[in-house]
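Trainee: The lines below spell out each chain.
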Amino acid sequence: MNEFYQKDIISIKDYTKDQLETIFASTDKIMQLNPQDRREICKGKTLGYLFYEPSTRTRLSFDSAMASIGGNSLGISDISSSSTQKGESLADTVRIMSIYSDVLVLRNPLDGSSRFAAEISDKPVINAGSGTEEHPTQAIQDLFTIKKEKKKIDGLKIGIVGDLKYGRTVYSLLYGLGNYDVDVRLISPESLRIRSDSTYEIKKRIDFTETTDIEDHLDELDVLYVTRIQKERFPDEEEYLKVKGSYVVGLDMLKRMKDDAIILHPLPRIDEIAADVDTTKNAKYFEQAEYGKHTRAALLGMILNENGF
Amino acid sequence: MNEFYQKDIISIKDYTKDQLETIFASTDKIMQLNPQDRREICKGKTLGYLFYEPSTRTRLSFDSAMASIGGNSLGISDISSSSTQKGESLADTVRIMSIYSDVLVLRNPLDGSSRFAAEISDKPVINAGSGTEEHPTQAIQDLFTIKKEKKKIDGLKIGIVGDLKYGRTVYSLLYGLGNYDVDVRLISPESLRIRSDSTYEIKKRIDFTETTDIEDHLDELDVLYVTRIQKERFPDEEEYLKVKGSYVVGLDMLKRMKDDAIILHPLPRIDEIAADVDTTKNAKYFEQAEYGKHTRAALLGMILNENGF
Amino acid sequence: MNEFYQKDIISIKDYTKDQLETIFASTDKIMQLNPQDRREICKGKTLGYLFYEPSTRTRLSFDSAMASIGGNSLGISDISSSSTQKGESLADTVRIMSIYSDVLVLRNPLDGSSRFAAEISDKPVINAGSGTEEHPTQAIQDLFTIKKEKKKIDGLKIGIVGDLKYGRTVYSLLYGLGNYDVDVRLISPESLRIRSDSTYEIKKRIDFTETTDIEDHLDELDVLYVTRIQKERFPDEEEYLKVKGSYVVGLDMLKRMKDDAIILHPLPRIDEIAADVDTTKNAKYFEQAEYGKHTRAALLGMILNENGF
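Residue numbers (my numbering), protein chains in the order written: chain A, 638 to 946; chain B, 638 to 946; chain C, 638 to 946.
FYI, nobody ran anything at the bench for these hints, they're computed from the structure.
Since the model is a prediction, treat every value here as computed from it, not as a measurement.
There's no promise every hint is true.
You can't tell identical chains apart in this list, so a pair holds if it fits in one copy or across any two.
To be verified - Listed next, the in silico DMTMM-like pairs over lysine to aspartate or glutamate satisfying Cα-Cα at most 25 Å (straight line):
| hint | residue 1 | residue 2 |
| --- | --- | --- |
| 1 | K868 | D651 |
| 2 | K918 | D759 |
| 3 | K918 | E725 |
| 4 | K644 | E756 |
| 5 | K785 | D759 |
| 6 | K680 | D665 |
| 7 | K784 | D651 |
| 8 | K666 | D759 |
| 9 | K918 | E756 |
| 10 | K802 | E725 |
| 11 | K787 | D759 |
| 12 | K650 | D665 |
| 13 | K785 | D850 |
| 14 | K802 | D820 |
| 15 | K788 | D897 |
Given these sequences and hints, build the entire structure.
Mentor: This is the structure in structure tokens:
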């Protein structure tokens, strides 16, 4: 029996390096299977999604992952605008959804919502984003992308640039990187630095330096992970425009980077990366999206299929 | 050939006790099948849903039921907000949807809408709630739950509490119970009593007494069916708060009931039943939701599969 | 290998008469297959839809077509109201969607959007309506309907009535008819005449005459294709009411037509065709909707299945 069978995916912090490597190996295996064999893995199984925050991208990634292994998906893509919600508690909604499906995928703005749901649900729960820090399947997707494209994670110099304060993606990635021997550079405007209440725990796992100037480390980086900077985060439009401009990744910036450095982005992108970067060999964000489908398929397969695949 | 093959489900009033028992037997059978055999029943069949009132719960119950027997679902989950509606008649929408699917599931606020749709449609129509009185698959789900949990329906004392005026669930359940020898107690505030234009017909089928005081019959009941009381129904907030409080089912109330009484609720629940009741052996509303999936799977299977299963 | 394998469907203008006849033959074949064999054609394939304009009808036609040949569908049914859109470019959305699916179905208000998407996408793109002129699968559906119901297209007298200015359906049909030797009568109020910038190109392919009076040609027509006239198009309500009334197809009008003339409509219909026409042998608009499902299934099958079927 595989160790992930019927287990929840709540936090990236719950995973050891060995477990992550097992997931990566399963993802490699699923990518090599022919489509017909792949569809046997979760044939006839049903994924139930509950999105309290809409996230079309994450939902479709799960939906297509489930379809690729022979399962189907149903659920509620935007509960907040669902007129049927009528004040029902999260607990009741989770209970009912666990009747309708074999695995639950939950996106909820509250910290701890997925762990709470997992305690209530008869079926395994996958956290598809909760609270300020947790988006474990995104972190697994990101780590797999680095491993796949750089052939290793240990020993890499990784820059993370943009809004490091509000994006749960960044925190999950940092916790995940904590399993590896990496050198991390956090690059953000002063007002969007990583939250100090989180850095204490992250620092126990990983060495990082902080800077506001993306040029500081550019020539050393093996990986540059770019995130969106949202205008709404700034009290002052002038500051926003200044910051925004200085962090846009373009061909100029790419020239100052290592020849084999890779650019990642959790997407959707607005204009943090110039379109002409897309066709360079460094741009790996669309591969990253594709790996997201396959890592999710591997996770679903291990959770729902006793013998793995 | 099974007698439900290609037949519509329009009103619970159309069913005899024998037919209900046949449906219950089929539901039992479907629950015992292994998932693989179950998925052969409607393999490749398509359910088309048309919801003129949104009802995520009912839609997902049908969707998951159809998935469990190997079929798939497509349709419109909220026609009123569909910008494509453009004033098309119900008749035309039904005609088109019957081209796209093997069975139609219709939720519509108008009395008679499902019977009208059934006359027009080439494919069988299932009423998923219409007008003030009809929700036949909910009634079948409720009756099956009582049968399953109490091993019989005849001879039971059944209390129905809450808003008895506006909920179509209550009327359908009463018409369904009319096939059995039961003793029904209707418990509601004065302003939410069962409508007198319906009681004439119900009285021909079933004996019931009415009360405003839930304590009157509590110690005698085998089944307590709880429904939501909506604030909007009251002209006066004070009366609402008074009524609401007096009908909340909690552990205290449970102590005054028979040891083997069961509590049902069509869900979603707001606060009509206290959360600490959930873990008692009397709480059967989540089982009820699960039986809803299986009764619907049985109905779909009998309608779409000539030989039954 | 069939010639449509992995090819895009962008414009009806790209198709020769021979290619249209191949599609019609495939549609005939798919209609004759038993459901089980039909579901083998695209077993396990995924259709990804991206609707920048909502069109429930077109989306469900594709969805049911894909289901009938064993595939499944996922996507975004109304991107403009999707809160996750967050300003992402069409290019990025198309790239991501082509990761999640085997074929893309795109509805977008801009001319050229589908051709642009096809250049970007790794997967074939089907135009489900773009700009002012293009709706190629609707045109194929319409041409197939005429062929099926009249046993030929060449030599027919075809009237097209209603709003000829704004409906992309009309333009696509005219371009498609350009492959055949037909006599076309365009019937519309003065203010809703076909756009002169398009007539130049259409005239190179097809002979048509224009009139405002539907009575002019009624007794000669083999096919009357009716389209909706939308009130919003008129500056003056009085003119709208006058026009609307004069173009309603009713039993009276039918009596003045050939006994074997057929009435078509792309649907949804409001009141351009009186309900009592529905039951006549001339009404073929519901058959047209059904053929729409089968022509789309044939197209999807040829695009996704190397050996055709």
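Trainee: Would you list, in rising numerical order, the hints stated earlier that this structure does not obey?
Mentor: 1, 13
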